[in-house]
Amino acid sequence: MEINTPDSLIFDMDGTLWDALDTYTFCWNSAFLKLEMDIKTTREELRGMMGWEKEKVLAHFFKGMDHQKAEYIFEAIVEIQDEVLPQKGGLIYPDVKEGLKALSQKYKLFILSNCPKDSIKQFMFFAGIEDFITAEIAYGFNNQPKHKNMLLLKEKYALKNPIYIGDTDHDSKETSLAGFPFAHVTYGFGTTQQFDVRFDSFKSLTDYFLEID
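Numbering (the numbering used here), first residue to last: 237 to 449.
Since the hints were made in silico from the structure, they are not lab data.
There could be a bad hint or two in this list.
Restraint-style ranges between C-beta atoms, simulated for each label pair [stated by the list, open to error]: (1) S440 <-> D302: 32 to 40 Å; (2) R434 <-> P381: 35 to 43 Å; (3) E272 <-> S440: 23 to 31 Å; (4) K299 <-> T241: 44 to 52 Å; (5) K305 <-> R434: 23 to 31 Å; (6) E272 <-> A295: 32 to 40 Å; (7) D443 <-> H303: 41 to 49 Å; (8) Y308 <-> S440: 40 to 48 Å; (9) T241 <-> M301: 44 to 52 Å; (10) D258 <-> D302: 25 to 33 Å; (11) G284 <-> Y308: 34 to 42 Å; (12) F377 <-> Y308: 32 to 40 Å; (13) Q430 <-> T241: 15 to 23 Å.
DSS-like, lysine-lysine: derived pairs with alpha carbons at most 27 Å apart [unchecked claim]: (14) K276 <-> K299; (15) K270 <-> K357; (16) K439 <-> K290; (17) K337 <-> K276; (18) K396 <-> K333; (19) K276 <-> K292; (20) K384 <-> K290; (21) K439 <-> K396; (22) K439 <-> K344; (23) K439 <-> K299; (24) K290 <-> K353; (25) K357 <-> K390; (26) K299 <-> K353; (27) K357 <-> K344; (28) K324 <-> K390; (29) K390 <-> K337; (30) K337 <-> K292; (31) K292 <-> K333; (32) K439 <-> K357.
Note that CB positions come from ideal geometry on N, CA and C, so glycine has one too.
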């Protein structure tokens with residue numbers, strides 16, 4: 237897809253702006269301990285599920301379990317995450333804060349992620365980037381897939397040429413369904429061969445979008 241000069245940049249969160257896998261792993265295992273469940277997860281196991289919609293996560297991780305019970309456990313995880321994430325946070329990728337500040341002078345910036353309702357707000361608070369972001373939308377807000385939430389943002393904010401920026405093949409496919417160009421970052425949790433432009437660092441991404449006419 238030819239990239240017309242964008243008027244807005246929509247960012248994925250996990251694997252694109254930061255790595256909070258260690259914190260997520262802590263929250264999951266804390267919930268299992270609280271519920272007296274004899275199971276544990278690992279960073280690598282959660283890494284493989286990054287970017288998935290909640291229902292896919294439940295079906296995969298709690299395979300064979302009653303759906304209502306799986307939902308209850310997931311809500312316990314989210315409850316702990318809501319307490320821990322704003323303080324414990326994660327590793328913000330190099331140049332993200334500075335890059336978002338610079339890009340916000342030229343573009344409307346958004347964050348869209350398949351995460352619990354408040355996780356993006358918690359990330360923004362931890363990273364100190366609230367002033368640079370026009371709006372955010374999480375899967376937990378309306379339980380809609382990414383491509384539908386991309387279109388929701390486009391309509392709500394009258395965006396003309398938005399571009400989605402993410403790290404996984406799922407991001408690429410969802411962006412294609414929305415009819416947007418896709419920018420892939422290679423430093424995250426996934427990979428894809430379907431992209432319109434690719435970046436190996438957030439600095440190179442920032443420089444590209446600051447220079448594009």
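field: Earlier hints that do not hold, by number
entry: Structure breaks hints 1, 2, 3, 5, 6, 11, 12, 16, 17, 23, 28, 30 and 31.
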